[in-house]
Each structure stands twice: as C-alpha cells, then as structure tokens.
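A.B. asks: Chains as they are written, first to last, in the working numbering: chain R, 52 to 291; chain V, 52 to 291; chain W, 52 to 291; chain Y, 52 to 291.
Errors might be hidden in some of the hints.
The list cannot tell twin chains apart, which means a pair is met if one copy fits it or any two copies do.
[To be verified] Result set (DMTMM-like, lysine to aspartate or glutamate): computed pairs, CA atoms no more than 20 Å apart in a straight line:
no. : residue 1 : residue 2
1   : 69        : 173
2   : 158       : 130
3   : 134       : 171
4   : 158       : 198
Worth flagging that the hints you see were computed from the coordinates, not collected in a lab.
Protein chains: 4
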Amino acid sequence: MTNVTVWNENRHEQSNPKVREVYPEGIHGAIASFLKKADLNVRTATLDEPEHGLTDSVLKDTDVLVWWGHMAHDEVRDEIVEKVHQRVLEGMGLVVLHSGHFSKIFKKLMGTTCDLKWREADEKERLWVVDPSHPITEGIGEYIELEREEMYGEHFDIPAPDQLVFTSWFEGGEVFRSGCTYRRGNGRVFYFRPGHETYPTYHNEEIQRVITNGVNWTAPVKRVRPVYGNAEPIEKIENK
Amino acid sequence: MTNVTVWNENRHEQSNPKVREVYPEGIHGAIASFLKKADLNVRTATLDEPEHGLTDSVLKDTDVLVWWGHMAHDEVRDEIVEKVHQRVLEGMGLVVLHSGHFSKIFKKLMGTTCDLKWREADEKERLWVVDPSHPITEGIGEYIELEREEMYGEHFDIPAPDQLVFTSWFEGGEVFRSGCTYRRGNGRVFYFRPGHETYPTYHNEEIQRVITNGVNWTAPVKRVRPVYGNAEPIEKIENK
Amino acid sequence: MTNVTVWNENRHEQSNPKVREVYPEGIHGAIASFLKKADLNVRTATLDEPEHGLTDSVLKDTDVLVWWGHMAHDEVRDEIVEKVHQRVLEGMGLVVLHSGHFSKIFKKLMGTTCDLKWREADEKERLWVVDPSHPITEGIGEYIELEREEMYGEHFDIPAPDQLVFTSWFEGGEVFRSGCTYRRGNGRVFYFRPGHETYPTYHNEEIQRVITNGVNWTAPVKRVRPVYGNAEPIEKIENK
Amino acid sequence: MTNVTVWNENRHEQSNPKVREVYPEGIHGAIASFLKKADLNVRTATLDEPEHGLTDSVLKDTDVLVWWGHMAHDEVRDEIVEKVHQRVLEGMGLVVLHSGHFSKIFKKLMGTTCDLKWREADEKERLWVVDPSHPITEGIGEYIELEREEMYGEHFDIPAPDQLVFTSWFEGGEVFRSGCTYRRGNGRVFYFRPGHETYPTYHNEEIQRVITNGVNWTAPVKRVRPVYGNAEPIEKIENK
Numbered sequence: 052m053t054n055v056t057v058w059n060e061n062r063h064e065q066s067n068p069k070v071r072e073v074y075p076e077g078i079h080g081a082i083a084s085f086l087k088k089a090d091l092n093v094r095t096a097t098l099d100e101p102e103h104g105l106t107d108s109v110l111k112d113t114d115v116l117v118w119w120g121h122m123a124h125d126e127v128r129d130e131i132v133e134k135v136h137q138r139v140l141e142g143m144g145l146v147v148l149h150s151g152h153f154s155k156i157f158k159k160l161m162g163t164t165c166d167l168k169w170r171e172a173d174e175k176e177r178l179w180v181v182d183p184s185h186p187i188t189e190g191i192g193e194y195i196e197l198e199r200e201e202m203y204g205e206h207f208d209i210p211a212p213d214q215l216v217f218t219s220w221f222e223g224g225e226v227f228r229s230g231c232t233y234r235r236g237n238g239r240v241f242y243f244r245p246g247h248e249t250y251p252t253y254h255n256e257e258i259q260r261v262i263t264n265g266v267n268w269t270a271p272v273k274r275v276r277p278v279y280g281n282a283e284p285i286e287k288i289e290n291k
Numbered sequence: 052m053t054n055v056t057v058w059n060e061n062r063h064e065q066s067n068p069k070v071r072e073v074y075p076e077g078i079h080g081a082i083a084s085f086l087k088k089a090d091l092n093v094r095t096a097t098l099d100e101p102e103h104g105l106t107d108s109v110l111k112d113t114d115v116l117v118w119w120g121h122m123a124h125d126e127v128r129d130e131i132v133e134k135v136h137q138r139v140l141e142g143m144g145l146v147v148l149h150s151g152h153f154s155k156i157f158k159k160l161m162g163t164t165c166d167l168k169w170r171e172a173d174e175k176e177r178l179w180v181v182d183p184s185h186p187i188t189e190g191i192g193e194y195i196e197l198e199r200e201e202m203y204g205e206h207f208d209i210p211a212p213d214q215l216v217f218t219s220w221f222e223g224g225e226v227f228r229s230g231c232t233y234r235r236g237n238g239r240v241f242y243f244r245p246g247h248e249t250y251p252t253y254h255n256e257e258i259q260r261v262i263t264n265g266v267n268w269t270a271p272v273k274r275v276r277p278v279y280g281n282a283e284p285i286e287k288i289e290n291k
Numbered sequence: 052m053t054n055v056t057v058w059n060e061n062r063h064e065q066s067n068p069k070v071r072e073v074y075p076e077g078i079h080g081a082i083a084s085f086l087k088k089a090d091l092n093v094r095t096a097t098l099d100e101p102e103h104g105l106t107d108s109v110l111k112d113t114d115v116l117v118w119w120g121h122m123a124h125d126e127v128r129d130e131i132v133e134k135v136h137q138r139v140l141e142g143m144g145l146v147v148l149h150s151g152h153f154s155k156i157f158k159k160l161m162g163t164t165c166d167l168k169w170r171e172a173d174e175k176e177r178l179w180v181v182d183p184s185h186p187i188t189e190g191i192g193e194y195i196e197l198e199r200e201e202m203y204g205e206h207f208d209i210p211a212p213d214q215l216v217f218t219s220w221f222e223g224g225e226v227f228r229s230g231c232t233y234r235r236g237n238g239r240v241f242y243f244r245p246g247h248e249t250y251p252t253y254h255n256e257e258i259q260r261v262i263t264n265g266v267n268w269t270a271p272v273k274r275v276r277p278v279y280g281n282a283e284p285i286e287k288i289e290n291k
Numbered sequence: 052m053t054n055v056t057v058w059n060e061n062r063h064e065q066s067n068p069k070v071r072e073v074y075p076e077g078i079h080g081a082i083a084s085f086l087k088k089a090d091l092n093v094r095t096a097t098l099d100e101p102e103h104g105l106t107d108s109v110l111k112d113t114d115v116l117v118w119w120g121h122m123a124h125d126e127v128r129d130e131i132v133e134k135v136h137q138r139v140l141e142g143m144g145l146v147v148l149h150s151g152h153f154s155k156i157f158k159k160l161m162g163t164t165c166d167l168k169w170r171e172a173d174e175k176e177r178l179w180v181v182d183p184s185h186p187i188t189e190g191i192g193e194y195i196e197l198e199r200e201e202m203y204g205e206h207f208d209i210p211a212p213d214q215l216v217f218t219s220w221f222e223g224g225e226v227f228r229s230g231c232t233y234r235r236g237n238g239r240v241f242y243f244r245p246g247h248e249t250y251p252t253y254h255n256e257e258i259q260r261v262i263t264n265g266v267n268w269t270a271p272v273k274r275v276r277p278v279y280g281n282a283e284p285i286e287k288i289e290n291k
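Just chain R, same shape as in the assembly (with noise of 0.2 Å):
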C-alpha cells in the first residue's frame, strides 16, 4: 500500500475564517479524506509542526508528498527542503498544488521562477485534457469546469512540462498549462493548478478524481538505484 504524506502550510486556515468554513479540517484534512477512500495509507503533516512535521522517519516512511504552500513558502526551513529533495531525486513522488508553484521545492526542482500571472475575480475555470491517453486522466471526461476560482495565466515560467496533460481555459482571456508532469532523478512530479483557499475547489469530485491519480501514478518505480562515480570498465580495454 502506498504511503502519502498531505503536507500543508496551514496558515490560511487560523486567519481566514472563510477558508475554515471551506476546509474546517484545513485543506490537508480535506485532501487526506478524499486519499484514505482511495486505498492509500495516508497522514498529514503542517508547517508549525516540529520539522514541519517532516522528520527523517516520515520522509523515508513516505512514497508520495503532496503540497500545499502560499503565505508562508519563505518559512519551510532550507534544510527541510534539502531533505525533501533528496528523497525525490531517491524517487519519492512529489504532487505540488496551486500556489505550491512558489514553493522553494517546487522552484528548486524545476530550476525557473516558476512565476506567473494570477487575478482574483471569481472566474469561471474549464481544464482541458491534452493528452487523453495519460493514467492522471483516468475516470474524467473532456474537460473539468469549476464555476469559480483564481486565475492563473501564462506565461508560466517553468520548463517544458515532460507531459502536458491538462491546459485550463479561463473566463478573462487567459490560458494555463495546469496539469504537468516531470522526472526528477528517480522521482516523478505532478503539478496541478486547482484549488485557491476560498473555493471549495478539493471538494469536487473530479478534483479529488485527480489528485489520486496524480498520487498513483508518481508512486514510486521498485527497482535498484543507479550507481554514481568511478567506474571500472566493463570491456576489457588493451593497455596502451
């Protein structure tokens, strides 16, 4: 059984009493109740938490982190992230979230700024799939439409996503590459662009559909890990 690890900020939550009537068990307590239906082992993890919750025995006892980060990105502890990004590159599956595209892990796997362009105007979301064959698909139809949510629009700074598996269509003229995957070493990344704090956006059904696919499919691969360094030749080669 696979082992996820929801990890979030959990700020929003204290401050905004709107978030806590969306999420009154945070967004972690409402990602990890779609995730515990869905036959995976599953526990959360907050940024007020010693180690932010991810201590060396969590992370090695991890298969699949999910992230979510807004206000606070600048207080998850450098070495925290260090660790974090070891266990990816080790091939610990990594699905980052809405505003987790500015989280410090995100941004240093990806190697960009992984800016963007946002507006707060309850705009009408329909997220598109681009690549109908992709196992994150599996279970949606052509397209998801949220009613209401944050804008994000391109140009996204990040590098060309491995797969691009949904592109989002907003109502004030913008477009978003908002489903992408990545390899990371031994690890796979899933970004995924939904889910602004305001709106009940982990509470449908398509959303939670999937991010358990994204869980799924970034699992980690069972196999022996490459071997680095200096190397003996495998060939013989003649003395010169």
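Add chains V, W and Y to chain R, keeping to what the hints say.
C.D. replies: The following block gives chains V, W and Y in isolation, referenced to the frame of chain R:
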C-alpha cells in the same frame, strides 16, 4: 484483467531450423508463455491465419497487442493495418519488438521511414536504463546485458520518443535508442529493440520483465474518448 | 537564400466571393507577398496546376514548403503526397497552416487522425506564447489577438509536440495547442493554427511575423544525411 | 554580432604541466580562439579574476556564456551563480562543457544531482548524432570520433532533455547522452560532454564546429519578456 494478443509473423520458425530450435513454439509462443505467468489474459495470432488472426472481434477484445515481424512485413494486408491503427488511436496499447520497426503499423504510427543500421555479428549488447523512474524499468538493474545479438545502430529514423527508457551499447561501436515510448491518439506505444530470431533473447528473464512491464504500461486508461467535429459554444457568445 | 514554395488549394477563392474579397490574389498570393519582403526566395503552387505545381524539380528546389488546404484534401494525389513526404524526411521544412491539419501530408507525418473541435462563430482568439525562448516567437509580444476567427478546440489528436510554442484561448470556452513543432527524419515541421479563409488573418502583421519565423526555423540544416542498412563493424570484433 | 563570454576555472592549467602543454593559452583561450573565427564577439573570464570575471556589466553584455569548470566548482561564489542564473532566465544562452555538469549553475538549472559514471582510461569515444535535423549538428557527419577521452556513463542524473542531439559510445561498455538541450525561462542551455583537460579535444575541428553551432543556437531571441504578477482581466467579466 488485461487482454493481450501476441502477434507473430511466424515465418522464420517454418523455414529456419535454427530458429525452430530456439523457439520450438514460435516466438509468439515463447512470449505468450511468460506473459501468462504475469496475471495477463494472453492469446496469440499469426500472419497465415485468416485475417492474420486479427479479426474485428479479436481486435475489439484486445487491450494490448504485441507485434513481431520481419521478412513478411509486405504480406500484412493494408486493411488489417488500418484496423490495428484505428484501435491504437482508440486506446489499445501496442508493444513493437525488434524488426517490427519496419512493420507497416509502426511506420504508419511514426510517420517516418523507421530505418536504421544493422549487422549480424554475434555482438554483445548492453541496454542501459536512461530513465530510472519509468515503470517499464521496474525490477531491472542499471543495464541488461545480452551476450550475443544483432546490432541496430543510429541514426534510427523515428520521431523523438516521448520518453527514452533504454539506450543500447554494441560491441562494434554503435549506440541505439532501444526502448522508446510514444502516445498516438488515446493509445500508448512501446518500442523495444531486442529479439533477433536466431538468439534466445526472449528466454532472458530481464527481457521478459521489460516486455511484461511494457504490456502493463501500454494498457489502456479507462475514460470517455474525446469528441471531435462541429461544436456548440459552451460560453454564451453574443450575437455580432 | 532560402527557397520557399507556398502551396494553396485555391478553391474557396474561386467559389466564395467573400474569400476573394479578403484575398484577391489568393491565400497563396497573400502569404507569398509578405514572405518576399523577408529576404526569402518565394514561389507559389496550387492544386489545379499539373502535378499540383509540385513537380520533381520544384520539390527538389524547395527548402521550405508552406501548406494551406481545406475543402479538397482528397483531391491531392497520393503520389504527390509521397514525394512531399520523402522531401520532408530528407530535410525540407514544412509549415502547415490552419485547416491543413487534415491534409494528407500532415496526417501521414503525424500518424494520427489530427481531428479537433471547430466552430464558426466570429470568436475572439488569443494566441499565448508558452515558449518565450523559441525563435518562432521573435518580435512577438505575450500574445497575439485576433478579433474574429474560427474556433479550433481540444482535444487536438496529434502526437505531443516536440515543442509547444503557442496555446490559443477562444471566447466560447476552448483552448488549442496552436503552434507546434515536430521533427520528422531530417526535416522540421511547424503547425500554426490561424487562417480561416473568410477572415483577414494573413494580413495581420504579427501572424505574418510568426509564419516568416516559422519558415526560417524549418529551413534545412546543411549536413550529410544518415546512412542506413547493413553496416561494417567500426571496432574490430574478434571472431567467435 | 553575438557577444560570447568563455568562462574557465583555469586551475588545472596552473597546476598540471600536461594540461598546460595541451592548452598553453588555457582551455578558455583555446575555445575563444576558434569562436573568434566564427563571426562572434568573444571575451574570456576566469575564476580568479574579481567576481570571477563575471561582473554585472560583463553579464549584461553577454549573449552567450560558455562554461568549463571541474576541480573548483565550490569556489564559485553563490551570488555570482545567482546572477548567472538570473541572466539565463532573462534569455542569455549557456553552453556547459564536460565536467561543468557538476557546476553550481548547471545543477541549479537542472534541479537534479547531475551525477554520472566516469573513468579515465584513454578510451575511444564516438558521439553519434541522434537528431539529424538539429542546427547544432550542421556540418557534422554521422558521428564524431575522439581517439581518447575520459568516459562518462549513464545513468546521467539530468531531467529528460528537451532535445537529445548526441549519444556517446565508449570503448569500455558505456553510453552517455552527450549533447542535450534545455529551455529555462527565456534562455536556452546546451550541455556538451567532451573536453577532459588532458586531451586535445578542443583542438578537434568537429568539436569546435559543434560548440560554435551551440553558441549560435543558444543566442537569445529578440522579444519582449513575459510579464508576471497580478493581472487585469482582458475580457470583461461581469460582476457576480
């Protein structure tokens, strides 16, 4: 359970005692045999059966088609190729092996000549994993070594693979992109190089593991297929 | 100097006065006109000329072929398509415009149906640059806006582009991968969406700039072409 | 005219007579020398200069930066790396050579360890062209052969290249993705493997040709850079 059809031209086995000795039940028989042990529902089909064994009902009932052909590519009837092509675009997985690079179906899906360099000289081949996160490499070490195989060398005239999984080294001085994945329509395609008919390559357990992984990886995703054609506007567009 | 041949089916211009009004010299004439100003050596060819204007000597002498077709795709003779295909694989650049997505040559190069959604409703289109480093975007801002165009929507049944350069937003709720590059053999292909025959799209200076950039980007690289077939070993392989 | 800065750590040249013999003017001197013949405006910079020779004004005035480093990666100051990173994202081209795979700037752009296998055993290397349409291969045959080089072997821990241009064969049994392109922000990156300090690799005319091509290919595209941040709606969104 995934339904797999292993297709083999099955001609070398008839004319060449050496091949018959290596594969007494045919190449298709050898491949079907190890796939059956992997919790897959397997049947075989060959060139000289009516409709090459690929009737409408067989194709409709096939989740993944494995393809081995070599000396009789031209005898595969165009209307059968059309049907296989249509099924791949609908979502059927396709695993193309070795000399299948020159099959009508592979060339049709690629849009290129699929030409390459080759040499029969009992050379050592070493297939290096270049994407250690890919499910097709599950259970495989850093490389697979085949003591003797036919050489295939670059330039291999294919579109850039969506994912490059293996690259081969050959004793005589060549390299080859020997494990390549593609998406075409709703279907997934995996090309895997090894398997010249005079070598016992498909008895190699690591090769068996890769082909089994490839079958599982190309198995179709369950979802509604896209709709094409004239569309009604989703947003209200004012009369202009 | 790069030799460019602009091919146009040139049928709407004959039958539809509205199209003739927008493009009095034909779509090919309009395109040739702005390309000539860009230090390119330009000629035109149309469907109803002998061999569709694409004789062996014209093709041999063409570095980049621009293709516009729509209502008469089926009238393009297969043997001419074969020759164009062969020339692309040899290195000739190909710029496919708008409804050319359904041309025989584009479908042959892609290996898929190239189907899509469409709607004629005078909708606004906005082509967002998603790859700001790409030479095809030189001189273009963040997006190109076309006040009225035909809508093309996802899912667009193409292989994942090697490079996705533009993504379109449409007023009615759809998105579309509207600028896509591919390599096929030694040749480079650029698909660019805009240009429905009843709109003055090819008179738009930004669209002209993109097409000009596309021609320059697909122009062939000067090099010896790969050799295929039976090869001598380069390294000495000991007799076994 | 493109402004190129060739950066070299320039340490082996000071401590190892063998290297000084091969490159009496330093590796940077050798590279600058052949680039100057290619209609490029070239300067050099080295580690021990103030700010490593990469002052704000030099960086601002550099279109393409060529990077060679090995034994002193750690001595490159982080704030200089930040500035180079920023410039790449703004559009400056970057050509990273050989052991530069472990430079701070390359690791930062890749987001991975960039680790690999290596061996110093005077092995033959053959760099096969796998993308014959790529401008970086202009003027090059099917492969480049280097009689003796250091071996670099897979797994090379990099993100999947946007374009894989060369793959190397080594005498001792390894392969390596030896010519890789990436886009990061508005900038283009080319990694090219050859060039161990004790071999006369940068005197090889084909290697010189590839590096020159790489400089030209990574040169920035002239365009307005994307705007990020809070955006006004382009379409009128009705009050809700």
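A.B. asks: Determine for every hint whether it applies to the structure shown.
C.D. replies: To see whether the hints hold, each was checked on the structure:
no.: 1; hint: 69 <-> 173; verdict: within (15 Å within a copy, 40 Å between copies)
no.: 2; hint: 158 <-> 130; verdict: both (15 Å within a copy, 17 Å between copies)
no.: 3; hint: 134 <-> 171; verdict: neither (34 Å within a copy, 32 Å between copies)
no.: 4; hint: 158 <-> 198; verdict: neither (29 Å within a copy, 36 Å between copies)
The earlier numbered hints that this structure contradicts are 3 and 4.
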